[in-house]
Structure formats: structure tokens, C-alpha cells
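Two chains, two frames, a set of hints: combine them into the complex.
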Amino acid sequence: MTSNGASGRPPPIGLLAELTHRCPLACPYCSNPLALEPREQELDLGTWFRVFHEAAALGVLQAHLSGGEPAARRDLVDITAAARLAGLYTNLITSGIGLTARRLAELSEAGLDHVQVSIQDSDPQSADHIAGYRGAFARKCELAHAVVQLKLPLTVNVVIHRANIERIGDMVDLAVFLGAGRVEVAHVQYYGWGLRNRALLMPARAQVERALAAVEELRQRYHGRIVIDAVVPDYYARYPKPCVGGWGRRSLNVTPSGKVLPCHAAESIPGLEFWSVRDRSLADIWDHSPAFNAFRGTSWMKEPCASCARREQDFGGCRCQAFALLGDAAATDPVCHLSPDRAQVSALALDQQNAPYLYRRM
Amino acid sequence: MSEQTTVAPPIAPDTRPRLPHGVRLVHSEAQGGWVLLAPERVFKADAIAADIVKRCTGESTLTEIVDDLAQAYSAPRERVLADVTVMLRGLAEKKLLEL
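Here the protein sequences come in this chain order: C and V.
Under this note's numbering, the first residue of the first sequence is numbered 1, with each subsequent residue one higher.
Under this note's numbering, the first residue of the second sequence is numbered 1001, with each subsequent residue one higher.
It is worth saying that the hints were derived from the structure and are not from the lab.
Glycine included, every Cβ here is placed at the ideal spot set by N, Cα and C.
Hints may be right or wrong, so weigh each one.
To be verified - Taking lysine to aspartate or glutamate pairs in the DMTMM-like style, the calculated list, with each CA pair at most 25 Å apart, reads:
(1) C:Lys151 to V:Glu1098
(2) C:Lys151 to V:Glu1078
(3) C:Lys151 to V:Glu1093
(4) V:Lys1044 to C:Glu209
(5) V:Lys1095 to C:Asp287
(6) V:Lys1095 to C:Glu109
(7) V:Lys1094 to C:Glu54
(8) V:Lys1094 to V:Asp1014
(9) V:Lys1094 to V:Asp1051
(10) C:Lys151 to C:Asp173
(11) C:Lys241 to V:Glu1040
(12) V:Lys1094 to C:Asp287
(13) C:Lys241 to C:Asp229
(14) V:Lys1054 to V:Glu1040
(15) V:Lys1054 to C:Glu109
(16) C:Lys151 to V:Asp1014
(17) V:Lys1094 to C:Glu267
(18) V:Lys1095 to C:Asp229
(19) V:Lys1054 to V:Asp1014
(20) V:Lys1094 to C:Glu106
(21) V:Lys1044 to C:Asp44
(22) C:Lys151 to V:Asp1046
(23) V:Lys1044 to C:Glu267
(24) V:Lys1094 to C:Glu216
(25) V:Lys1054 to V:Glu1078
(26) V:Lys1095 to C:Glu267
(27) V:Lys1094 to C:Asp229
(28) V:Lys1044 to C:Glu184
(29) V:Lys1095 to C:Asp173
(30) V:Lys1095 to C:Glu54
(31) V:Lys1095 to C:Glu217
(32) V:Lys1044 to C:Glu312
(33) V:Lys1095 to V:Glu1040
(34) V:Lys1094 to V:Glu1059
(35) V:Lys1044 to C:Glu54
(36) C:Lys241 to C:Glu267
(37) V:Lys1095 to C:Glu142
Claimed, not checked - To spell it out: a stretch of chain V is covered by chain C in this simulated footprint if at least three of its residues, at any positions, have a beta carbon under 8 Å from a beta carbon of chain C; those stretches are:
(38) 1016-1028
(39) 1087-1095
Next comes chain V alone, as it looks inside the complex (with noise of 0.2 Å):
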């Protein structure tokens, strides 16, 4: 995960991400990489950004998605819960993300 240092308020555990309606996450060959489509805005997104938003189906808790993103990237779970939830508050701000 980054080396994000930024503390964000925390998220419930049962919380079930999710995209919201008109906020798709694609993969574009021809600009090389994934990229969050959203109303009049499009954003890259690096590797393991594109990983967290994958599971952001509304179907996985908060805690199966941090459990399943520690397991695939060998990383500490609190490291990658602390990331994770910096991620989805900034996502959440822009209306990227329903929480």
C-alpha cells in the first residue's frame, strides 16, 4: 500500500461500499491503465487503487474487503485498514463512493 500517512474518521466495519450509479471503474488500453469515470470527470487510478475499488461492490463488508486486500498484498491489517479508509473518505467526499 502507499505511504499514506493521513488519518481519516473511521468507518463502521459492516459498511457495505459501494459505487454509485454513474461512477464506473474501467480499464482503458488506450490510456494506459484503469480510470474511475464519474459525471464530467475522470480520475486514474494506480494499480492498488483500482484493486480497492474493485471491491467496492455493495456486496463485501469493510472488514472482508481489508481482510481479502491484507491477504492479496502480505501487508499488516491495521496499515491496510488505516490506507483503505483514507481512500474511501476521500472517494465519499467527491461522491465517488457511497458509504
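If we strip away everything but chain C, and leave its shape as in the complex, we get (with noise of 0.2 Å):
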């Protein structure tokens, strides 16, 4: 019996490992947080060891392996090896760039189930822009095709914004093109660096209309052969999104440093108590840490969630997004058509404007 089945709760599944905010490129809506950990004070492999097995023994089924550029960490063959020995399903989140198809071979060894890898748009000069990162596009084409040559599956990510949107279907080509079974068609998501950008990337309502019908027909032509999964967009969506499936409910986040997340943005909302790996058990942190209790379940909810049918299903939404629109990261999630502060997301979307992105930096 584990100590959420005392709890009643359902165990964890997955688990977002960020071994390092390292990374090459400097994509301006990086979900990282602002304030980046630096490389000394990253959790070491003996420590990943344990958290992994902790992980597992509370019920995690899956660990991604993610960053910044995971591969920025030299030991990143033996952090694989430690959560495959912690029979965790081991997925690789990464840029492409710094990972050689030797240490890949090196990885698929070690037990790597998956791997993702990002792809900033169809056009390489485009793509190369967006990353802040001269040849990263032919990089990762190199990088898929060395995933697939060794049989590992590939998921292929783009994230939509202003500057790729009219190229969905290209990119989705691309990414059958390249091999990948599955593709993930994410729109930015504005907390930090993509808030600070947000005029910049926003599209506009028409671009994600097509957007959405161009979806729609490239999964009746690709039926069968790649898997898309696609979502609508934060600011043009009727509901919000089950933000991480619900708050403290299906997963966790271990930053660099230890600190442990109930997703990779919450430490935007200020006066929550995260608790690190350094000083405790994860089950420890999952059943009483105070930033996992902050937002579980409904009794902090206002209306209209708090009596809102669909409570359970998509949990008021995102609370850093609550926070960083309105302040109150206990309020409903203005994206909500329900949300008395719907119209204020609506005005936001409109605020579209062209001026040289900033990046991404230590």
C-alpha cells in the first residue's frame, strides 16, 4: 500500500525530470522559468537515481527526460540507464542539438523508450530564427533520421506561433517525412518567456481558424500513419485547458536545482511552498507538500467553477495562467467563456505587433 492509497488519491503517472536549464537554443517561449538554475546547483546523478525509484514506487509510469537541452548534461546515458533500472517508461525531450547519433546509440542501450524532438517550423531560415540558433534546423532533421535508423520512436513537436502557423501542413509533412509516428501540434502557451513575447507571437483569429480546419484535414489524410495531437489555443478556446490533468493529480515536476513542481510553471505564482528532493521522499512532497495541496481537488475553487459541471474534468484551468491575467491564481481561468474576465483575454489576443523577439538567456 502506498501512501496514496491511504490518501485515497490516484498515484501519479508521469513525471517531468528537467536535468538541466542548459540549452543551446533560445526559443522565445521557452517554457522554462524566467529565473534559470544555473549548472551547479543541478542535481546529481546519485540523487536522480533515487528520485526516480521513489518515483516508481509511487506509481509513475513514465519519466521525461527534458530541460532546457537534456543533452547539455555529460552523465545523460546514465541518468537514462537509472530510470529504465527504476522501470520507468524513458522518454527524451530534446532540441537535437549537442546529441551525436553515437550517444544516441549509447542511449537506445540504455533502455531509451522514445524520443521527442522539437522542430521550430518547415522553413529552415524561419526555423533558425525562431530557435536564436544558426543550423539547428538541418541538425534536428539529422537527429530524426538517426532516431529512426535505430528504431527508436519519434514524436516530432512543433509549436505553433505568428511566424509558422500558415505552415501547419507543412510541418506536419515534414514530420512524416522525417519518420515520426507521432506529432504534436502545441500552441505557445504564454507564462514567462512566452508571456514577455506574447504581442509577438500571438496569431490571429482567422490564422487559427485555418489552422484548426487544416488539423482536421491532415488527420483524415494521415489516418493511420502519424498520430496528431493537436489542441486549440489557450486564448481562442471556449474552456480551458485539465491544466496538467488537474493540479497535483496525474504528475510532478523536478527542476534542476530539486525543487519539486506540480507543473513547470509554478513557481510564476507567488507564496507557494515547494519542497526539494534534496531534504525529503517524493511520496513525501506528493502527499503534503503545500503547493500540491494548494489547488487539489475543488474546495479552493470560486464560482463559477466552484458549481460548475465540468468542474472535474478540466479543474478551472491553468492557475499560473489565473495568476498572470488577473493576479489570483484561485480565480477561474479568464480563457473560460464563463469567466467573468473573458472579455480581457479577448482584448489581449488582439494586441498583435512585429519587433525582434527576446530571447531566451541565462
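What follows is the structure, given as C-alpha cells:
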């Protein structure tokens, strides 16, 4: 019996392991926090080994090895082996930069289950401009090829925004050409770096509508050949996304320095107390950390969420978004059409400007 | 087997179904049973589904798998074949199985 069984709460399924915040790319919508954690604070291999075992004991099934760029860790192969040894399904989320075909083969030997490579655009020049790294596109394609050569399953992740939204079809075609079994069409989320660059990234409503229609058409065209996962972008949605499947409900995120967060952006909410794997076990943190319990369940909700029929379906949406836009992390996610603040989101979506990106830097 | 009545396109009897690289069936004590793990996805598998998937090793043919299951569950072979076909087709469509 785990501690979760005792509390009657279902166990978590996924662990997002941010191995480092170091990354050669500088994407202006990076999901890492504005305050990036330096190399000196990164957890060592031994601690990750313990964290993976504690995660598996807690019920976690999949470890998403992410960053920053996880390949910036010299011990990535050992970390991957440790996760696999703990019984976890290992998913490498990489920019593709800094990962040679040889190291990829070592990762495969170590039991890596799946690779996700991000592609910034189907147009090489635009892709390199978005990533802030010349030659990134070509190297990503090479890595994707190496993944497929090793018979590892490949997901291509494309982050959609105004500069590439008209090329969704080309990007999905590219994913198919590269041999991906799955493609994630992810619209920019406006937290941290994305929030800073919001007016530069925000697509127009007409573009979003064309993109949604394009995805439907692509799903039919590629049925059975590639799995297409796509969602409606927040600011144009009718209902909010069930962020991380509900706060403290399905997943945990360990930062490079060992802080455990309910979601990768949770530190943007002031006043939350996060516990570290340096001081406590993962089970203790999952059950008792004040940050995890802050928005668990439905008792923290206000109206219109509190009496909403969908309250256990979308869990009030995203706490970070409620705070970012309204200054109140317990408010209904204002992208919901039932939120009294929805008009504000629609107005923000109209703020579209052209200027140089504020790139993500350490 | 389940009360499934859906009809799926037949699968050649000498097909040797197998899980592709990146798809694994594991038993999780904490999750309370069998789960099929795939890229960014997790599927709970009941005992019968797990029994079918466990046999999809790339070694056994569909005929052998169905014979084996029909015996294990003392169920009519045609019924087992129909149910297994529906399930394997469904998994293959989601890229969780190679036929």
C-alpha cells in the first residue's frame, strides 16, 4: 500500500525531470522559468537515481527527461539507464542539438523508449531564426533521421505561433517525411518567456481557425500513418485546458536543482512553498507539500468553477494563467467563456505586434 | 472474453503481431494492474487485454495466439478470434501494435 492508497488519491503517472536549464537554443516561448537555474545547482546522478526509484514506487510510469536541453548533461546516458532501471518508461525531450548519433545509440542501449524532437518551422531559415541558433534545423533533421535509423519511436513537436501557423500542413508533412509516428501540434503557452513575447507570437483569430481546419484535414489524410495530437490555443478556446490533468493529480515536475512542482510554471505563482528532493522523499512531497495541496481537488474553487458541471473535467483550467492575467491564482482561468474576465483575454489576443523577439537567455 | 460485438477487418492467420519499439506492457502495483506504455500515452489494460498483449511477441502467429487463448479461457474459438481481431486492429490503429 502506498501513501497514496492511504489518502485515497490516485497515484501520479508522469514525472517531468528537468535535468538542466542549460540549452543552446533561445526560443522566445521557452517553458522554463525566467529565472533559470545554474549548472552548479543541478542534481547529481545519484540523486536522480533515488528520485526515479521513489517515483516508480509512488506509481509513476513515465519519466520525461527534459530541460533545457537534457543532452547538455554529460551523464545523460547514465541518468537514462537509472530511470529505466527503476522501471520507468523513458522519454527524451530534446532540441536535437548536442546529441550525436553515437550518444543516441548509447541511449538506446541504455533502454531509452522514445524520443521527442522539437522542430521550430518547416522553413529552415525561419526555424533557425525562431530558435535563435543558426543551423539548428539541419541538425534536428539529422537527429530525427538517426532516431528512426535506430528504430526508436519518434515524436516531432512543433510549437505554433504567428510566424509559422500558416505552415502547419508543411510541418506535419515534414514529421511524416522524417519518419515520426506522432506529431504534437502545440500552440505557444503564455507564461514566463512566452508571456514576455506574447504580442510578437500571438496569431490572429482567422489564422487559428484556418489552423484548426488544417489539422482536421491532416488527420484524415494521415489516418493510420501518424498520430496527430493538437489542442485549441488557450486565448481562442471556449473552455480552459485541464492543465496538467489537474493540479497535483497526475504528474510532478522536478527542476534541475530538485524543487518539486505541480507544473513547470508553478513558480510563477508567488507565495507557494515548494519542497525539494534534497530534503524529502518524493512520496512525502506528493502527499504533504503545501504547493501540491494548494489547488488540489475542488474546495479551493470560487464561482463560476465551484458549481460548474465541468469542475472535475477541466479543474478550473490553469492556475498559472489565472495568476498571470488576473493576479489571483484561485480565480477561474479567464480563457473560459464562463469567466467574468473573459473579455480581457479576447482583448489581449488582439494585441499583435512585430518587433524582435526577446530571446530566452540564462 | 468481452461482450464486444464490433466487427473488424480480418487479420491473416499467419501474422505475428508484436509490440513496436517504444510500447511496453508493464504491471504496476501502485497503479493497481497492467498498463500499456506508449509515447506520451498510458493505457490501462484489464486482465484479458493484458493476456492478449502478452502473447503478441512477434513469435506466435495469430492462429497460435487464438488457440492458446481459447484453451486458457475455455471459450469458443470463433468468438475468441473475433474479439482478438477487434482488439488488435484497435491497437494497430493507435500505433500500439505491429501486424
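Evaluated hints:
1. C:Lys151 to V:Glu1098: This hinted pair holds, its Cα atoms lying about 13 Å apart.
2. C:Lys151 to V:Glu1078: violated (35 Å)
3. C:Lys151 to V:Glu1093: holds (19 Å)
4. V:Lys1044 to C:Glu209: violated (34 Å)
5. V:Lys1095 to C:Asp287: violated (35 Å)
6. V:Lys1095 to C:Glu109: Holds, because 23 Å separates the two Cα atoms, which is no more than 25 Å.
7. V:Lys1094 to C:Glu54: Roughly 31 Å separates the two Cα atoms, so the pair is violated.
8. V:Lys1094 to V:Asp1014: holds (22 Å)
9. V:Lys1094 to V:Asp1051: holds (19 Å)
10. C:Lys151 to C:Asp173: holds (20 Å)
11. C:Lys241 to V:Glu1040: holds (17 Å)
12. V:Lys1094 to C:Asp287: violated (34 Å)
13. C:Lys241 to C:Asp229: holds (14 Å)
14. V:Lys1054 to V:Glu1040: OK: V:Lys1054 and V:Glu1040 at ~21 Å, within 25 Å.
15. V:Lys1054 to C:Glu109: holds (23 Å)
16. C:Lys151 to V:Asp1014: Holds: C:Lys151 and V:Asp1014 sit about 24 Å apart, inside 25 Å.
17. V:Lys1094 to C:Glu267: Roughly 36 Å between the alpha carbons, so the hint for V:Lys1094 and C:Glu267 is violated.
18. V:Lys1095 to C:Asp229: Holds. V:Lys1095 to C:Asp229 sits at ~13 Å (cutoff 25 Å).
19. V:Lys1054 to V:Asp1014: holds (18 Å)
20. V:Lys1094 to C:Glu106: violated (28 Å)
21. V:Lys1044 to C:Asp44: violated (33 Å)
22. C:Lys151 to V:Asp1046: violated (29 Å)
23. V:Lys1044 to C:Glu267: With Cα atoms ~32 Å apart, V:Lys1044 and C:Glu267 exceed 25 Å; violated.
24. V:Lys1094 to C:Glu216: Satisfied, since the Cα-Cα distance of roughly 17 Å is no more than 25 Å.
25. V:Lys1054 to V:Glu1078: holds (20 Å)
26. V:Lys1095 to C:Glu267: Given that 25 Å is the threshold and the Cα spacing comes to 36 Å, the pair is violated.
27. V:Lys1094 to C:Asp229: holds (12 Å)
28. V:Lys1044 to C:Glu184: holds (22 Å)
29. V:Lys1095 to C:Asp173: OK: V:Lys1095 and C:Asp173 at ~18 Å, within 25 Å.
30. V:Lys1095 to C:Glu54: Violated: V:Lys1095 and C:Glu54 sit about 30 Å apart, past 25 Å.
31. V:Lys1095 to C:Glu217: holds (20 Å)
32. V:Lys1044 to C:Glu312: holds (20 Å)
33. V:Lys1095 to V:Glu1040: It holds: about 12 Å lies between the C-alpha atoms, which stays within 25 Å.
34. V:Lys1094 to V:Glu1059: holds (21 Å)
35. V:Lys1044 to C:Glu54: holds (21 Å)
36. C:Lys241 to C:Glu267: holds (19 Å)
37. V:Lys1095 to C:Glu142: holds (24 Å)
38. 1016-1028: Since three or more residues must qualify, the claim that chain C covers the segment 1016-1028 of chain V holds, with 7 doing so at under 8 Å.
39. 1087-1095: holds (count 3)
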